[in-house]
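S.K.: Add chain B to chain A, keeping to what the hints say.
Protein chains: 2
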Amino acid sequence: MERVYNFSAGPSVMPEAVLKTAAADMLNYKGSGMSVMEMSHRSKVFIEIADNTAATLREIMNIPANYKILFLQGGASLQFAMIPMNLLTAKKKIDLLDTGHWSAAALKEAKRFAAVNVVASSKDTTYDHIPALDPSKFDPDADYFHITSNNTIYGTRMTDNWPNVGNVPLVCDMSSNILSEVYDISKFGLIYAGAQKNMGPAGLTVVIIREDLLERTPEDIPTMMKYTTHVAADSMYNTPPTYGIYLAGLVFQWIKDLGGVAAVQKMNEEKAQILYDAIDNSAMFKGTVAKKDRSLMNIPFITGSEELDNKFVKEAEKAGMVNLKGYRTVGGMRASMYNALPIEGAKALVDFMKKFEVENK
Amino acid sequence: MERVYNFSAGPSVMPEAVLKTAAADMLNYKGSGMSVMEMSHRSKVFIEIADNTAATLREIMNIPANYKILFLQGGASLQFAMIPMNLLTAKKKIDLLDTGHWSAAALKEAKRFAAVNVVASSKDTTYDHIPALDPSKFDPDADYFHITSNNTIYGTRMTDNWPNVGNVPLVCDMSSNILSEVYDISKFGLIYAGAQKNMGPAGLTVVIIREDLLERTPEDIPTMMKYTTHVAADSMYNTPPTYGIYLAGLVFQWIKDLGGVAAVQKMNEEKAQILYDAIDNSAMFKGTVAKKDRSLMNIPFITGSEELDNKFVKEAEKAGMVNLKGYRTVGGMRASMYNALPIEGAKALVDFMKKFEVENK
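For the record, the sequence lines run as chains A and B. Going by my numbering, the first residue of the first sequence is number 1, and it counts up by one from there. Going by my numbering, the first residue of the second sequence is number 1, and it counts up by one from there.
In case anyone wonders, no lab produced these hints; they're calculated from the structure. Worth double-checking, as some hints may not be accurate.
A pair counts as met if it fits within one copy or between any two copies, since identical chains are not told apart.
To be verified - Straight-line alpha carbon distances no greater than 25 Å define the calculated SDA-like cross-link-like pairs of lysine to any residue that follow:
{"id": "1", "residue 1": "Lys108", "residue 2": "Thr125"}
{"id": "2", "residue 1": "Lys347", "residue 2": "Arg294"}
{"id": "3", "residue 1": "Lys91", "residue 2": "Ala114"}
{"id": "4", "residue 1": "Lys30", "residue 2": "Ala50"}
{"id": "5", "residue 1": "Lys311", "residue 2": "Lys361"}
{"id": "6", "residue 1": "Lys44", "residue 2": "Glu16"}
{"id": "7", "residue 1": "Lys325", "residue 2": "Tyr237"}
{"id": "8", "residue 1": "Lys318", "residue 2": "Glu16"}
{"id": "9", "residue 1": "Lys20", "residue 2": "Gly33"}
{"id": "10", "residue 1": "Lys44", "residue 2": "Glu306"}
{"id": "11", "residue 1": "Lys30", "residue 2": "Ala17"}
{"id": "12", "residue 1": "Lys108", "residue 2": "Leu214"}
{"id": "13", "residue 1": "Lys314", "residue 2": "Val45"}
{"id": "14", "residue 1": "Lys92", "residue 2": "Ile221"}
{"id": "15", "residue 1": "Lys314", "residue 2": "Tyr29"}
{"id": "16", "residue 1": "Lys226", "residue 2": "Leu107"}
{"id": "17", "residue 1": "Lys44", "residue 2": "Val330"}
{"id": "18", "residue 1": "Lys92", "residue 2": "Glu219"}
{"id": "19", "residue 1": "Lys314", "residue 2": "Arg42"}
Pulled out of the complex, with its shape left as it was, chain A reads as follows (with noise of 0.2 Å):
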């Protein structure tokens, strides 16, 4: 069987250049007589690797001087408990924006730690727009101010929408579609973002951090915990997930070789662009979400009959594009296109699309 078009919501899609190179790398790294996974983490040539995937990473986001790149674990999830725990001051105060799940997931962690404002929210339309901002709402006494870039599960994004929060730091949830536009990470205090979509295997976490901000963190927190430990030690304190650089760098190599993100940023448009205008141009077929706010990472789509949703489904896996069930909140079908997805994917389904209008009339 050949490889199939993984729409998965992530893990997800890997460019398969970098499989490949992984898979002839496995048994003997550039010679080194062994797997990358089998090398000390303070060896030379994990060093070089390690240090490689920060360094291509920092140019291929144009990430400022004053920003430190640390590679952890535990996912967006544990970032949810770290970042008040180590953002918080005295005055333990919070805006959130709720654009969706990651949105409200964490805010309920947040609010262990501190008060939480709710500058808005469009739980009440199942997350189906990002809602309008009013500045009026803000409090500018705030720790800092919680947004989600891309909502995985609903299919909204923000772009250059992004709040106007004045002194206070904009901290981001980029787990879902990092990497996949150009982005002014001056703008941002802190962004934080799971590998398991744009840029390889579970288990890494990436968060940027503005410099300035690690002045908060407090003493009397966990070691494991503060950002403070592992920017000292330079993402090494203890053994980090090693084979997760590793693939994360050959995935930022390989966004560097396409032209970088901007490059990057354009295919995902093209891409997006062909699902969508076959939705908009469909009887069948309709979308979820405020066409201002489209994701152009995570498409969803309905039909309205949940029998011809799940026929969908099942017919598309038997042709080779998987992973398309939507997230029972929202139900239907869900294509997450990150930028490992071949344009070819976007193309296939497409033309499974019409095929099945046509069929199922």
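M.R.: Positioned in the frame of chain A, the structure of chain B alone reads:
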């Protein structure tokens, strides 16, 4: 260049057969059309992988039914905090046996949370033995008793000399010798281990916990730090380190196919004996620890001359035996010979030692 004999203390050598399977599976796992690292952790195919990994571990370690197996992240270092956060009661008292670098690290972190009674320590003699235990120094009222079963840096181990702790749960850091010998799991309340020595790649942490201890987890700690969170979700509260779980599963199966942990223990005893005999019969090389406490996994030895030690490490590397440099506090050499190091590696090292001794008399 061929594969080397890798004596790294961790991350460390993996079974070559496992790496070959991983390379062969890389682009298309068993006809799924994708790599294991591209699979949704909620997919049927991945859940089968995770379930098999846990079931095989339960089988080869003979883990009783009243123990839960968790696949976590963050390494032993995160456990140093999670264990007290979950297991302390209102008493807030811990007994701890200080046998090396990692015991001391566990002690340092535990002190953030509780009064820690160090029942014995071999720190004064650079941790060159497992200290004798005086049960009158044990606190029968402690919330748990913490030990480190193998001391990676110093090369000592406990094996059948577990402290007689009565009803106090015995908590054991088994990072560097899990699966190297047969243990009676029922003696322990909690066992934890980073994967990167005897189980798989770095970034996966295995916790084996007796069910009754789960009742101690307090409500007010971060969600991701609660064992109960991960037990309730079968280690899938958030995306687990899927590729690490897959590789660990291959390693567990490899152990099972070799005849189980008892068979592997025999091989480890044989490998260690080869090296210890060479040390004991040499006029140049000396061991650094008490014979009764010698580790099967990590074997430090010295010549007494720093110059000669360095020469040895350098020439061994040229001969294809790498990562033999000892830890700075011990000096000299350290040969880590985990399960996956073939016996040929031990033999090659000993041959090289004999040759080196003749040439450098």
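S.K.: Now, for every hint given, state plainly whether the structure supports it.
M.R.: Verification of the hints:
With identical chains, the CA atoms of Lys108 and Thr125 are at most 25 Å apart within one copy only, with a shortest distance of 19 Å there and 49 Å across copies. In this homomeric assembly, Lys347 and Arg294 come within 25 Å of each other (Cα to Cα) only inside a single copy, at 19 Å, whereas the closest approach across copies is 63 Å. In this assembly of identical chains, the alpha carbons of Lys91 and Ala114 lie at most 25 Å apart only when taken from the same copy (8 Å versus 28 Å across copies). In this assembly of identical chains, the alpha carbons of Lys30 and Ala50 lie at most 25 Å apart only when taken from the same copy (15 Å versus 31 Å across copies).
Only within a single protomer do Lys311 and Lys361 lie at most 25 Å apart by alpha-carbon distance; the minimum there is 13 Å, versus 79 Å between protomers. For the identical chains of this complex, Lys44 and Glu16 are inter-copy neighbours only, at 23 Å across copies versus 28 Å inside a copy, given an alpha-carbon limit of 25 Å. In this assembly of identical chains, Lys325 and Tyr237 lie within 25 Å of each other by CA distance solely across copies; the values are 20 Å between and 40 Å within a copy. Taking the shortest alpha-carbon separations for Lys318 and Glu16, only the intra-copy value of 21 Å comes in at or below 25 Å, while the best inter-copy value is 35 Å.
Taking identical chains as interchangeable, the C-alpha atoms of Lys20 and Gly33 lie at most 25 Å apart whether they share a chain (18 Å) or sit on different chains (14 Å). Within a single copy, Lys44 and Glu306 get their C-alpha atoms only as close as 56 Å, which misses the 25 Å cut-off; across copies the closest is 21 Å, which meets it. Taking the shortest Cα distances, Lys30 and Ala17 sit within 25 Å of each other both inside one copy (17 Å) and across copies (20 Å). For the homomeric pair Lys108 and Leu214, the shortest alpha-carbon distances inside one copy (24 Å) and between copies (22 Å) are both at most 25 Å.
Taking the closest pair of Cα atoms, Lys314 and Val45 come within 25 Å of each other only across two copies (16 Å); inside a single copy the shortest separation is 46 Å, beyond that limit. Taking the shortest Cα distances, Lys92 and Ile221 sit within 25 Å of each other both inside one copy (15 Å) and across copies (17 Å). For the identical chains of this complex, Lys314 and Tyr29 are inter-copy neighbours only, at 20 Å across copies versus 40 Å inside a copy, given an alpha-carbon limit of 25 Å. In this assembly of identical chains, Lys226 and Leu107 lie within 25 Å of each other by CA distance both inside one copy and across copies; the values are 20 Å within and 18 Å between.
Taking the shortest alpha-carbon separations for Lys44 and Val330, only the inter-copy value of 21 Å comes in at or below 25 Å, while the best intra-copy value is 49 Å. Proximity of Lys92 and Glu219 under a CA criterion of 25 Å is satisfied in both settings, with 16 Å inside one chain copy and 20 Å between copies. Taking CA atoms no more than 25 Å apart as the test, Lys314 paired with Arg42 passes between copies only; the shortest distance there is 17 Å, against 48 Å inside one copy.
The structure agrees with every numbered hint stated previously.
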